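**Q** Each chain, letter by letter, is given below.
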Amino acid sequence: MAAILEIRNLTKRFGMVLAVDNLVLEIAEGETVGIIGTNGSGKTTFLNLVTGYILPTVGTIRFEGVDITGLSPKQVTTRGIARSFQNPQLFTGLTAMENTLIAIAGRAGQAWDGWQPLKRRVWREEAADILDRLGLGDVAEQTVSSLSEGGRKLLDVALSLVLRPSLLLMDEPTSGVSVKDKFDVMDRVLRALDETRVTTVFIEHDMEIIERYAQRALAFDGGRVIADGTVDAILADPVVRESVLGAA
Amino acid sequence: MMAGGAGTPRLGIVAIGVLILLIFVAIPLFFSQWVVFLVTIALAKAMVVLGVVLLLRGGLISFGHGLYFAAGGYAVGFAMRFLQVQDLVLLVALAMIAGTVMAALLGLLLRRYRGIFFAMLSLAVSMILYTLLLKFYSLTGGTDGMSIHAFTVFGVRPAAGTTRQVLYYAVFALSLGVLYLGHRFAASPLGYFMKALRDNEIRIEYVGASIAQPIYFSYVFSGALGGLGGGLSALSVGQISPEAAYWTTSGDFVFVAIFGGAQSIFAPFLGSVVFEFVKNYSVKFSPDAWQMTLGAVLLLIIFFLPDGLWSFKDAASRLWARWRRS
Amino acid sequence: MKTEMRWHRFYGALALLTLVVFAVVLSVPRDAAMAAAKPERLKIAIVQFLSGAGAPHDASAVNTAKLLAEKINADGGIDGVKLKLLIVDEAGSTADKVTEFRRLVQDEKVDAVIGYTSSSHCLAVAPVADELKTLTISAICANYRLFEQGKYKYMFRTSAHAVSENVSAALYVLQMKPDLKTIAGLNYDYAYGRDSWEIFKRTILKLKPDVKVVGELWVKFLAGNYSAEISKLLSVKPDVIHSVNWGAGLTALIKQGKTRGLFDKSLVVFTTGLLSQAKALPKGVAFSGRGYHLQFSDPRKNPGNRAFLEAYKAKFGKMPDYTGTYMAQAILGLKAAVERAVRIKGGAWPTTEEIIAAFESSGYDTPRGPVFIRADHQAITDSMWGLTSGKIDPVFGYPVLEKMRVFPAVQVNTPLGMKTLDWIDSWPSRK
Amino acid sequence: MDTATIIAVDGLVYASWLFIVSAGLTFIFGVLRILNIAHGSIYALGAYMGAYLGNAFLGGRYPGALSYVILLVSAPLVGVLVGPVLERIFLRHIYDKDEVVGLLTTFALFLILEDGIKLVWGIDPYFIDTPFSLLGNIPIAGISYAVYPFVQTGIAIVIGTGLWLLINRTRFGRQVTSVIADREISVAMGINVARINTVAFTIGAFLAALGGAFAAPMISVEPGMGIEVIVPAFAVVAIGGLGSIGGAALGCILVGVLRAAAVHFFPELEMLVIYVLMFVVLVFRPQGFFGAVRLRRI
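Protein chains in written order, with my numbering: chain A, 1 to 248; chain B, 1 to 326; chain C, 1 to 431; chain D, 1 to 298.
Please keep in mind that the hints were generated in silico from the structure rather than gathered at the bench.
Accuracy of the hints is not assured; some may be wrong.
[Stated by the list, open to error] One side of the interface only, derived from the structure: several residues of chain D facing chain C at Cβ under 7 Å:
#1 LYS118
#2 PRO125
#3 SER144
#4 SER220
#5 PRO223
#6 VAL263
In this text, all values refer to a predicted model and were calculated from it rather than measured experimentally.
We treat Cβ as the ideally placed atom computed from N, Cα and C, and that holds for glycine.
All chains should be modelled from the sequences, with the hints used to inform the complete structure.
**A** Quick look at the structure:
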């Protein structure tokens, strides 16, 4: 399997703090990878680095064989990496449908078009489809501010899905979602992904989610990967149990 | 009629639309000439205000839109004085082009700015133009400005006494055109990206779009509207002077934008017409304290109708809905 | 089905509405031509600055308008017709003033409009006056292009303007300082400032070509901080300094200049001052082509002026500024024109056009002395200059001027049909 | 050489006058995030109050020196009368709203105050000459200067250092700094933000009034003087960086000196200088010389 994402000696230093420490990592095409780790173990910083939100202090990021280190989020996104956020980044004043349509317009590079309507049929159908698949069909016309936390999470994912990425990064898709909904949420997301076998990396605190959905797991601690392997192996790993799961 | 206006009954809207249309068509026949003139000016200025509103939706306060207002006006003035251009259509086109070109240039710079910095830079630019207009005395007539004399329409000079009506209907027709453009704009990706921009810039980059691009194109469009409005109001006033670029003029446009409301593209037109009447009548009924009256009105709007006069429309449609249900 | 019903109802309503529209349109009376029946009163709009920086400058004009209206009405009105004044604030943009002019004529139905201090307002209103066929008298504004470049039927100006002020200023300066070598200008950067300096400079250079211009300073309109400008003038030490600054800016200039000895080093020429400003000036400052009219037609010799000044003092507790006498010229001009028209018409009430005809090429007397209205609707009057003496007139409380010179109207006004700058250039230059 | 000195002095004189006003403007923005257009009217109020009290109390019966006391008194008087009222009644409702709302609210207050002043004091000019004439003049670089403007310079310096001490050396100052940094957290930390706002705005108003009161002796106090000062003050505040006292000072000096130089060498450019400078600075350093860059968070 060819690697879709290759990280070489990736390091990010905020003043004194080493947020990411000489990270070396490969994600293979089609994988579903779960990242675990305590707060401040560098998980989110890792996503921010890959998507160009912050620049690495040292190291290179190669995506589909191309060096994308130092590209802006816009450029990274247009190259096929999409991400969702731990606290959803949405256009709060607009409806779920409009949010999705804007994402589609962004993908189509139509942001400058001041003439054709945004709500053109093709796009509306596509947006409706993705919203349905994520179970947001019946709240499509509600403004974001009136959505539930879970709904926002899903919409945030929807915005990344319509970009048709080849690599999807999700930051704690189920955090803030009630315990009974969390599997439901993940099921919807991954079902939505099924047709297009998108390589997926998601950060997760919830071990049940990891066990159930990840093929491979990475354990972060102190800005480095302390364990990498199948989920069972990771969860069995004493170091991980000690440092990440707090010896549960 | 605006995108998203679904839910309010279609028929009602058509009826109201036609009604308003009829009223505007009939104004010159019913009302005294000064009202016709006042509405002409109001509509011309409303175009500029619409430009300001489209930027406001993106959270961009242009405190220098007088610049484009002046650009349009002086385009007409220069064209008449130095190129002997007489025809309304040509003059209006020139005014709009002047606004567009200036916006296309300044936009390259201003697109990098947000919020208060955008406001201040646009203010600075407009004040520079103001000073230049006043300095190049031999060319611009300085503070006395340039007088803009009679015009022709497709080469035909309007019969004596009908000039005002001709101008009124021209401005009214153009307003309809501008409304259509504005409607297309508001419903287009560009329009939505401006709203989105105000909500969350970061996400815009994460859907693979640039932030500067929507700002730039909106700014150019808004500049074009400014030029158009400036040209038309210069034609109806018959005079253009540097005060058009002065910061208080720009302040008035923002004033009216909030006064009318930024919700709908119709709001600036409503706001502008009402504002002109308020201004004239406060001068009429409180000649010694008309500024105070204006200030008070603005405060009332800000505190009790934060969405401007347009809030009344929502109230109305709510009532209409209730009436239909009963 | 149901919607269909509604559509029918809708079209019905629409048709009805259209009918109503046309009915009303047809029933609307077309405004008939101005009937020449004698009105029960003349409604006159007075447009002067009531707020903003122009307000103190225009205060005397507004007061005078009230005073004269009362007096005229007390004497039985103009040919029996009483005056009713409508006083309006001139502050606002040119667009606002044009809209307002239309409102005054078509909503307030005024018979005449008098006023306007700002030149841009005069220029903007003039064509509208013609369009609306409304007699309009510019009382104060000073842009000489008004009638030199434009030709208007319904617009008049009953006061002097930049040309006579500054030509006379130049002539006076040459009399006071026959051997002057250098001149400098310190003027507001706006049309009136530019025009005035151009005319003053041209006249001087024409009559004394060897004079050097050592400074042309332009300050922001009504600017209040002159530190740098005064320093510049003190360091170049011109023989003569010319300034048309007025209002707050002039007061500031006088205050800041006085302590720094600006007025000792150079002969300073102010064309547009108010009384308070004349009082604040030290000895030996040239004052003022526009702003000073006490000894011009001395109230001790001219009972008309005395009566006016005393009435004004009695009503407002102080003496009027020049804007007062200028307003008097406007209102008395209208009075004279109407009365003349009535005489011509043998007692019948004249139309606006007949009043205009009577106004053209007519002369009348004012507190300031005789005023003559030319065929181009521009008034020409004598100009007067003097030097401040530091003395105050015991009776009228005006600062007394010395070395008075009067320049006859014909000498300081551009001849009819000539362009001012060409006129000045056409003079024989003295060696 | 002399010319250089003259330009420097004139620049300083202009800068002093402008700084007293802009310091208040930038301080208010720093704390309340409001660009206060009504600042010009408060400046005018200060001038009127100074001239009015001056005329009321100085019938020549008092020693001239008292006039300085009157100017010093009238400023805090205006500040305390106007500041809290405007802030409590109007401004406190708009802190959470867009900047444009702040601009417009203060624009409305400006319109109201302009007419308010007219209704209270009429349109006739007011004068208070004593403080100016009393000090006479001194020769500098071969030409004579009035001494009074240097009083303004003194006041400007006092204000500058005063504000610096207030912000960096007092408990109030620390609270202000934390409010500027983050309102929510400050509230959480138990700081009475509402009080800080009121006090801050009152201080700003006081400074505006002070500027007006001490400008009064050099000028004629009459309608329209408020609007004259707003745009220059905005410009220097923008140049120096919104909310930065030091920046305002730098902006004032730059504008003052460049303006003076223009008057001496290219009089035509005098009016342009300030706007061009503002433009250039904003282009190359949008946040102004000492302005803080607001960072965006996910």
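**Q** Decide, hint by hint, whether the structure agrees.
**A** Verification of the hints:
Given hint, LYS118(D) at the interface with chain C, holds; its Cβ is 6 Å from that chain's nearest Cβ, closer than 7 Å. Contact between PRO125(D) and chain C, as hinted, is supported at the beta carbon level, the nearest pair being about 5 Å apart and thus within 7 Å. Nearest Cβ of chain C to the Cβ of SER144(D): about 5 Å, under the 7 Å cut. The hint holds. Hint status for SER220(D) relative to chain C: holds, with the closest Cβ pair at about 3 Å, below 7 Å.
This hint holds: PRO223(D) has a C-beta 5 Å from the nearest C-beta of chain C, less than the 7 Å allowed. For VAL263(D), the interface hint holds, the least distance from its beta-carbon to any beta-carbon of chain C being 4 Å, beneath 7 Å.
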